[in-house]
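Chains as they are written, first to last, in my numbering: chain A, 2 to 393; chain B, 58 to 388; chain C, 28 to 438.
Rather than coming from a laboratory, the hints here were simulated on the basis of the structure. Treat the numbers as computed from the prediction; the structure is a model and nothing was measured. Some hints here could point you the wrong way.
As the list claims (entries may be wrong) - Label pairs and their computed distance ranges (CB to CB):
id	chain 1	residue 1	chain 2	residue 2	range
1	B	Arg237	A	Trp352	37 to 43 Å
2	A	Ser76	C	Glu428	52 to 58 Å
3	B	Lys72	A	Gln351	30 to 36 Å
4	B	Leu78	A	Leu277	36 to 42 Å
5	C	Val255	A	Ser31	46 to 52 Å
6	A	Lys343	C	Asn251	40 to 46 Å
Unchecked claim - Covered by chain A, per the in silico footprint, the following chain B stretches (three or more residues, Cβ under 8 Å):
id	stretch
7	145–158
8	370–379
C-beta atoms are modelled at their ideal positions from N, C-alpha and C, and glycine is treated no differently.
The primary structure of each chain is shown beneath.
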Amino acid sequence: MIKRVEVQYRGVFQKTLGKYIGGDIVQIASRMGKVAFSNGRYSDAPERNGIPCKYFAFVSPDLSEAELEAECGSSYNADNVDVSVVVDDAMAQGVEPWGWHGIRPVNEKVGHKACLLVVTRRNHEHLLRFTAKKPQPYRLATLEGDASMAGLWVFKDDLTRERCLGAVAAVDPGIISIEAVEEYLLDTGKDADRARAARDAYEATLRRIKVVNPDQGIDWPHEIPVLPKWHEFEEGGVAIPAVKRGFKLGPRGQNRNDGFKHGTSKTERPVVRFDLCIKCTLCWADCPDECFDPTDDGLYDINYEVCTGCHKCADVCPVKECIVMVPELQFEDEKSPWEQHKKDPAGYIQWAEDKKGSTRIRYRHVTGEGVEKYKATPVPRNMDGPGQKEAL
Amino acid sequence: MATTLPMIDYEKIKKVHDAPLEEFYTSGHRTCQGCESALVMRDFAKASGPRTIATGATGCMYVANTSYQTTPWVIPWMHTQLGAGGASAVGMAAGIRALMRKGKIAKEKINIINFSGDLGGADMGLSGISAALQTDYDLLIILYDNESAANTDIQATGLSTYGAVTTFTPSGKKRRIMQRRWKKNVAPMLAIGHPTCRYVATASATFPALDFMNKTRKALNVGGPTFIHTFDPCPKGWDFHPGYSRELGELGIKCGIFPLYEILDGKVTYTYDPHKKGRIPVRDYLVKQGRFAHLIDEDFDYIQGMVDTMWEEWELPGIAPIKSGLEMASR
Amino acid sequence: MTTAAQPTDVWEHELLLTGCQAVSHAVKLADVDVIAAYPIRPYTEVMDQLSQLIADGELDAEYIIADSEHSQFEIVKHASSVGARAFGGSSGTGWMYGMEALAVTATDRLPPLFLVGNRALDDPGAFGVEHNDAMSVRDLGWLICWASTAQEALEHVFIGYRVAEDKRVRMPMALAMDGGFLTHAQHMVKVPTLEAVKQFLPPYDLGDRVLHPDNPISVAPQVNEDWVMELRRQNWEAARRARGVIKEAYKEFNGVFGSHGSQYDNPYFTEYMTEDADAVLIGIGAVCMPTQTAARRLREKGHKVGYVNLRWFRPFPTEELRACLGRFKGVGVIDRDFSQGSPDNGGILLQDVRSCLYPLRGDGPNVINFMGGLGGRDISIDECIDMYERTLAAGRGNVPEEIVSWIGLRE
């Protein structure tokens, strides 16, 4: 028997977290006398900030290491995972790691009766508004918490790692047991709080596992390309047509790359109060993803399909409250905000303010301050809904 | 055997509202959130327009931008090898010139632009770029400098800032600083070494606004082989939140560690003069990046001292590390 | 230089030319657009000559003196990508210096032509011929062809461009020539008229793969494991198709030039006195001169020996060569190259010949290998006679335990 675990994480920001969780599962399973190994999805490298990536751990109680390697070690990918840990809930909207693979459901690889485990402050129903229907029942578990983001050189030691291990033990004790998790954390961390965090997460998760039936979820709106056979595409080297030239004012007026959107890289999206805009052009000029569409009234619409949520527009905008970053899971579509604003200016302002809420996402200027000192801060509860986090 | 061709007469973009709206490098590239180098791509393509062919040397802006069957490029683009930025531009410019002269394709001005990163533009590819700048072809080489081999996950290059942590230069228990090389001074090296190259500049994609686009246009207008070195804060490798990439560029320029200037026919113009405007402390720039989190006071002092020397002791402040003029040998 | 031949419709004149000079005349007649040069002995003379042709206004081409072979080959590659017919070349370690560029020229499926003036690989420095330089691209998707006379070298510039640029092929072409013996020796060479060349060699047309603002494409994007297999398979098909395109090209060539003196019965290799032979030697390049003379002398004494002069090394003429060599009892493979540690610890050609004969199993000839002429060491007629005798013996069943022997070695 083989147990497959995948960790779906944000490139670079959660690289260390993903690798740690995968490595921890291997070490814990080994202590339990099982055979295990772990690897990252090779094709994700070089990782880019925010792009969905995967880390895998494979565990078997009965196979030899050679057999486990042969089954799981010769592919860059893994199908039919037993647990898929999603450490940023915004990925529930879909993941698009590379070009011409389409935006794919976050639960795509979750097998029959297997578990999608999401670190989130949303409830199951909220997440199911984004995830695709699957033909077989599977389980959805939530682990209360925020997306733990750090930098390339740093690991944000906020107990997400320990809590994920506890939650994995809860959703599939056939991979690792909570006792083994606790023992491992006590032995390696010399810190009872870490083990306690894992145990708390274990118990909380046990209460938050729900079966998802084939009628739950959405019909997947994104096309999944089928890669052509060798004789079905342009022969004679490696040339492809460029983006066809085309521009006009207004939403989606610029021709763009159809084969890769990049929008699933975002955890937050900018919400614009067009009525406050002074038309300075900075958001448009400084956007590294060309997602602003100039309009005939001198404003700049946003194409959320291609926005990566980098915060830059919000940072360069000289008008307070004009562009504000809002968690992605508060939105269910990528409609043109400018068109909404034109249709109903007052209604749009109201909608925007509702989305923005009262708190603001602020980042410390630097993520890389070395390993942050661990404090056993209790995880706040019952924060489902539109309230905003004070990230970092 | 130069061929006289009609020129595209680029106007200087005077106001931000006059910048061309159309994109020739557009959405759908697998670059990092907040990538400044992607803006360099976007802006050179926007400034040069549709009659342009670009080559990209191996690096972030190759691997992140195109995947098979998907591309963000509107203009024709081709990959070139890491050390072949200069050669790729020369090859294309030569091909086009010959074909036009021999009547095999229509005569018109076609911009030939190569972009190369740290390794392609300042290390491995330097020889080829030098040779390109000795030719009389119309071509522009853009060195997009994110101070590391960012595509291979941040290794030190000849352009990394002193003291920076990279995967090749970690900070350790015994050695706090492994990156002990001072940043290579590429643009002046090329300007001084190639007397017939008429235009060399440094730039940042976002600060001051329009500066890089106008330098691109100037380079294309001046003609012959030209070179621009851009300063691209890299959120991934420098370790700061992507929202701040413009701000980091601005701070780097204002503290004087990356001087902004252009050299046209030997005449130097500072396009941002931190000397006059007053340099901010280098520390203000460094502390906002995770790659310098391990530095202590003496390191900051050392870097500040080096930057002070650049601006206060060099004959051409911030540009050429030569401290005195002609000194007659005693007879 | 003298003009001896009467001008015909296809031949302009006959000139005293070295191999390199013969190639330079062909490059001129092929209306090459871009030439990139970097000096290394012995191929350099072709660039010396081309620069003179340009200086004298006889050739209209861009001529670029590169800063290294890597740049030189990249210039050629990128000139080819914008639709210019491009020419480069190198020798020995210079060729190896640009290896990265050579690899991508093939995978980009661009068809420039390079002259490889074969030279031993340093260290220690040696100017003389060895074939390892050109053979180093044998697995990379290149067309590799050896000329064994200056006349052949000239003619294979036209044949080479025609095959390489064919839409069904689009592979780069390495035209190889033995350093010193061919690159530098002067022979009387017939130079064709421009009209005849034009009749045979159509203009270079890269079609919808050409880089131009009117044809916006992205070339060579990142592919990873999703596409590499399919792309390699496409290249594999091209190499397979090249075999047929080569045959077509020679047929056409014979049609234009054949009745006037240049005729190729077999595109891939030339057989000399092989009819009813018991044993043959097979080799590449200028070694055909002493081997053919030796065969003639042995035939005079009643020994049934012949020589197979292999011209095309990639694509390898597997079926044709199997049919040819399968007729004999003994085959001696002369390798002017080395491949230490290879299956028989012999030469590169040996491996390919044995592999090509493998389907014949016990019905095939006994094969032995001669390592000779390395670094430009001469291979004498007497040594060739010796090789024939040993191959005859092998054909009679006296196959030595060590099938590789060294010729012309001080021992």
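Against the structure, the hints:
Range check, Arg237(B) to Trp352(A): Cβ separation about 55 Å, and the 37 to 43 Å hint is violated. Hint check: Ser76(A) to Glu428(C), Cβ distance near 46 Å, so the stated range 52 to 58 Å is violated. A hinted range of 30 to 36 Å holds for the C-beta pair Lys72(B) and Gln351(A), which are about 34 Å apart. For the pair Leu78(B) and Leu277(A), the supplied restraint of 36 to 42 Å is violated, since their beta-carbon distance comes to about 22 Å.
Against the hinted window of 46 to 52 Å, the Cβ-Cβ separation of Val255(C) and Ser31(A) comes to about 35 Å, which falls outside the hint. Hint check: Lys343(A) to Asn251(C), Cβ distance near 42 Å, so the stated range 40 to 46 Å holds. Counting residues of the stretch 145–158 of chain B whose CB lies closer than 8 Å to any CB of chain A gives 0, which falls below the minimum of 3, so the coverage claim is violated. Counting residues of the stretch 370–379 of chain B whose C-beta lies closer than 8 Å to any C-beta of chain A gives 0; at least three are required, and the coverage claim is violated.
Consistency note: the structure conflicts with the earlier hints numbered 1, 2, 4, 5, 7, 8.
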